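**Q** One-letter residues, chain by chain:
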Amino acid sequence: MTTMTADQIQSIEERFPQVFHRPFHKRFGPLLLVGGIFLYLLYALWFFNLPQVMRESHWERLPLFLTQWISYDVQPIFRLDEPQITAKYPRFSVLGPNPNPDWVKTNADGSVTILIDGTAKSITFNKTQATITANSETVAVGLGTGKPLISGPVPGWITAHEDEVVADMGFAGEARVTVDRVRIRKRFLGWANFVFDTRSPFFGKSASEVASLIVSGPELKPGTSNLALAGDNIWNNAQWQHGDVWSKLLQTIVMAFLGTMLGGIVAFPLAFFAARNITPSRLVNQVLKRFFDFMRSIDMLIWALFFTRAFGPGPLAGSAAIFFTEVGTLGKTYSEALENIDDKPREGVVSTGANGLLVQRYGVLPEVVPVFISQTLYQWESNTRGATIIGAVGAGGIGLKLWEAMRTNSNWANVFYMVLLILLVVFIFDNISNFLRRRLSQTIHDYNRIQAEQG
Amino acid sequence: MTLSVTAPPGATHQMADAWRRQTSLRRLYTAIGVGLLILALGSTMWFADEANAGHFFDRLPHLLDFLSWLVPKDWNDIWRAMFDIASPHDTGTQEFNFPLGRAYVWGSFYIPEYFELMLTTLNVALVSTFIGFVFAVPFSFIAARNLTPHPVLRLVVKRFMELLRAFPEIVIAGLFAAIVSIGPIAAIIAIGLHSIGALGKLFYEINENIDMRAEEGLRAVGANWFERVRFAGLPQVLPNFMSYTLLRVEINVRISTIMGAVGGGGIGEELKLSISRGFGAKTIALVLLLFTTIFIVDQFSAWLRRKLVGEQAFAMSP
Numbered sequence: 001m002t003t004m005t006a007d008q009i010q011s012i013e014e015r016f017p018q019v020f021h022r023p024f025h026k027r028f029g030p031l032l033l034v035g036g037i038f039l040y041l042l043y044a045l046w047f048f049n050l051p052q053v054m055r056e057s058h059w060e061r062l063p064l065f066l067t068q069w070i071s072y073d074v075q076p077i078f079r080l081d082e083p084q085i086t087a088k089y090p091r092f093s094v095l096g097p098n099p100n101p102d103w104v105k106t107n108a109d110g111s112v113t114i115l116i117d118g119t120a121k122s123i124t125f126n127k128t129q130a131t132i133t134a135n136s137e138t139v140a141v142g143l144g145t146g147k148p149l150i151s152g153p154v155p156g157w158i159t160a161h162e163d164e165v166v167a168d169m170g171f172a173g174e175a176r177v178t179v180d181r182v183r184i185r186k187r188f189l190g191w192a193n194f195v196f197d198t199r200s201p202f203f204g205k206s207a208s209e210v211a212s213l214i215v216s217g218p219e220l221k222p223g224t225s226n227l228a229l230a231g232d233n234i235w236n237n238a239q240w241q242h243g244d245v246w247s248k249l250l251q252t253i254v255m256a257f258l259g260t261m262l263g264g265i266v267a268f269p270l271a272f273f274a275a276r277n278i279t280p281s282r283l284v285n286q287v288l289k290r291f292f293d294f295m296r297s298i299d300m301l302i303w304a305l306f307f308t309r310a311f312g313p314g315p316l317a318g319s320a321a322i323f324f325t326e327v328g329t330l331g332k333t334y335s336e337a338l339e340n341i342d343d344k345p346r347e348g349v350v351s352t353g354a355n356g357l358l359v360q361r362y363g364v365l366p367e368v369v370p371v372f373i374s375q376t377l378y379q380w381e382s383n384t385r386g387a388t389i390i391g392a393v394g395a396g397g398i399g400l401k402l403w404e405a406m407r408t409n410s411n412w413a414n415v416f417y418m419v420l421l422i423l424l425v426v427f428i429f430d431n432i433s434n435f436l437r438r439r440l441s442q443t444i445h446d447y448n449r450i451q452a453e454q455g
Numbered sequence: 001m002t003l004s005v006t007a008p009p010g011a012t013h014q015m016a017d018a019w020r021r022q023t024s025l026r027r028l029y030t031a032i033g034v035g036l037l038i039l040a041l042g043s044t045m046w047f048a049d050e051a052n053a054g055h056f057f058d059r060l061p062h063l064l065d066f067l068s069w070l071v072p073k074d075w076n077d078i079w080r081a082m083f084d085i086a087s088p089h090d091t092g093t094q095e096f097n098f099p100l101g102r103a104y105v106w107g108s109f110y111i112p113e114y115f116e117l118m119l120t121t122l123n124v125a126l127v128s129t130f131i132g133f134v135f136a137v138p139f140s141f142i143a144a145r146n147l148t149p150h151p152v153l154r155l156v157v158k159r160f161m162e163l164l165r166a167f168p169e170i171v172i173a174g175l176f177a178a179i180v181s182i183g184p185i186a187a188i189i190a191i192g193l194h195s196i197g198a199l200g201k202l203f204y205e206i207n208e209n210i211d212m213r214a215e216e217g218l219r220a221v222g223a224n225w226f227e228r229v230r231f232a233g234l235p236q237v238l239p240n241f242m243s244y245t246l247l248r249v250e251i252n253v254r255i256s257t258i259m260g261a262v263g264g265g266g267i268g269e270e271l272k273l274s275i276s277r278g279f280g281a282k283t284i285a286l287v288l289l290l291f292t293t294i295f296i297v298d299q300f301s302a303w304l305r306r307k308l309v310g311e312q313a314f315a316m317s318p
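If you read the sequences in order, they're chains B and U. Be aware that the first sequence starts at 1, since it is given in my numbering, and climbs by one per residue. Be aware that the second sequence starts at 1, since it is given in my numbering, and climbs by one per residue.
Okay, chain B solo, but in the shape it has when bound (with noise of 0.2 Å):
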């Protein structure tokens, strides 16, 4: 390897300057950047005080929350205090007013079983002693004594408080013994009750039995046919309250439609006065983007809360924000295609001697249409996800109920039904707009094709 000289390299350095004598800021600009970012992140840190949101916030609850998306308990008590032990359910439990579950036995001997996940999880109690056996051990609880007493070694699926012994069973549920009760929570896999509730006739029945007696049944409710009252049944479920999420999802498509379309229509013709090369004069053009900038700064969230003050909450304030909006975004995008149309084809046409409206018809439309057709179907996309989230303020659709459900904290099997929905509302209408873009660009496409071919 030859060395190079140090007039060899001074010339090389004379011959790039570009590269070996960059200015300070294309030096440290980067690095500059990335310092100023990470100063950032510490004064954000600070800002939200993070390390105490974090200290304070429970994160042992996600994985609760994250089954109970997909599964559901039943939480009997059993007093013990009593003559005879017998089980206590919620009033409202998923099983119904007249629960006798097979996994609750009542043995010979006057004790209980309860098999949480068949016999590899289950606790056997008297009034005076309980033996609870899961991950293959086997602890006896004696309870005779005014206070839990466990004998023998502890094993770390058990904690054991002053009055209570805690029974962790991982998903299957828990079991809570002190000395005058014991507290089971038995976790299951699915959603209860999702076709009828408790109160349904047909609770409880098999789908072949409710099919027979759909089609061949005594009429379980004089007068009404036992079809109308299985629909009715279903769209009434106390718990699930199918009707009211699908309408209330309805009115989250209908507002996202509307106004877009609403929108759409608006701002039709106010593009072609916004747009530089269609209306000479500069001060309608000006005054007109400045409206469509002014639409979209004041942003949905506040045109949702002022409808919802003037219309009261419901889809109508929804609707009114999502156009109003969008009046703003179609209108600047609309008239920004205007100003980028091929000149020609609108040439032609004056020269045929026809009158604005007509000029604009034949030489500027055919260019456009496709495109607005094209921004349009993208923001109406865009704006059924919006749509849930304004609703949330009070704007109607899902996303108030949604949020209602979500607040209480405890119907997150509901809270991901909904979730459900939405996703499969999001994905059948990004198809159908991803569609038809791909059918209209397939005609611009064959179009420029055309002319390309006809030179």
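If you're looking for bench data, these hints aren't it; they were derived computationally from the structure. Only a predicted model underlies this, so the values are computations on that prediction, with no experimental measurement involved. You can take every hint at face value.
As a list, the in silico BS3-like pairs of lysine-lysine whose alpha-carbon atoms are at most 25 Å apart: (1) U:307 with B:289; (2) U:307 with B:26; (3) B:127 with B:88; (4) B:205 with B:88; (5) U:201 with U:158; (6) B:105 with B:88.
Given the coordinates of chain B, work out where chain U should sit on it, guided by the hints.
**A** Same frame as chain B, but now just chain U:
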């Protein structure tokens, strides 16, 4: 030059007829299309009106009443509300308790409440965009067809980003509000996760359009995946990445305002309260502040994007 076209007799008539048939058919289709659209608009309007708490024509005469509460008794109250200066109209109610929200920084120097709230909203937007950017960049290189380390990994990452994008933000915000307590952190997590999906999609579409010759060169000298992405991919796409990220900042400022209104802290919360209680001066002050901020953010980002990628930044759809 003479044209010698011999058409069979009646051909012109046939052509004219065919043309007329075609145009009348097209007109019929257009009419049906427009008719369907009008029908859809009419029925959805009726549905929206029916489902709403107040009805359009009942409420229309009261629209101006609703504007009347907005007009403050004293226009100066707007500035007083904005800068937390005591109002002479103070009656001890929440409507005029302007100085109460002062956040003292040093001595008698304070940041007015609304500026502090606006800052919270802006910080939520910036931090969540940063989170989105940091995760979207590596994801986008994995998800790009031409740069992916493994096709299966690509599919997984793509689906994951789709899920993040489609999942409603308020659900994530609500879930985390129950974990880290209601407030800006939950909003940051929600908007950040959504931004990962949204930016990731835009980024990998850019990545798929890069010039692959630089990558081939690096591959020839034996560079590993990380080096190829770092030295062949990133320099080509970074300006476009930055441009899309700035666009995302604009969107996130808006979303974080909305998140505020559903409990995410910041100016949205105060605005919702102020409008629902009918505090005229406070509402106008808040709207002015929000409007100005969004306007400035939009203009600044547009200026920066123009510097980064030129006019091309404005050809792409938002």
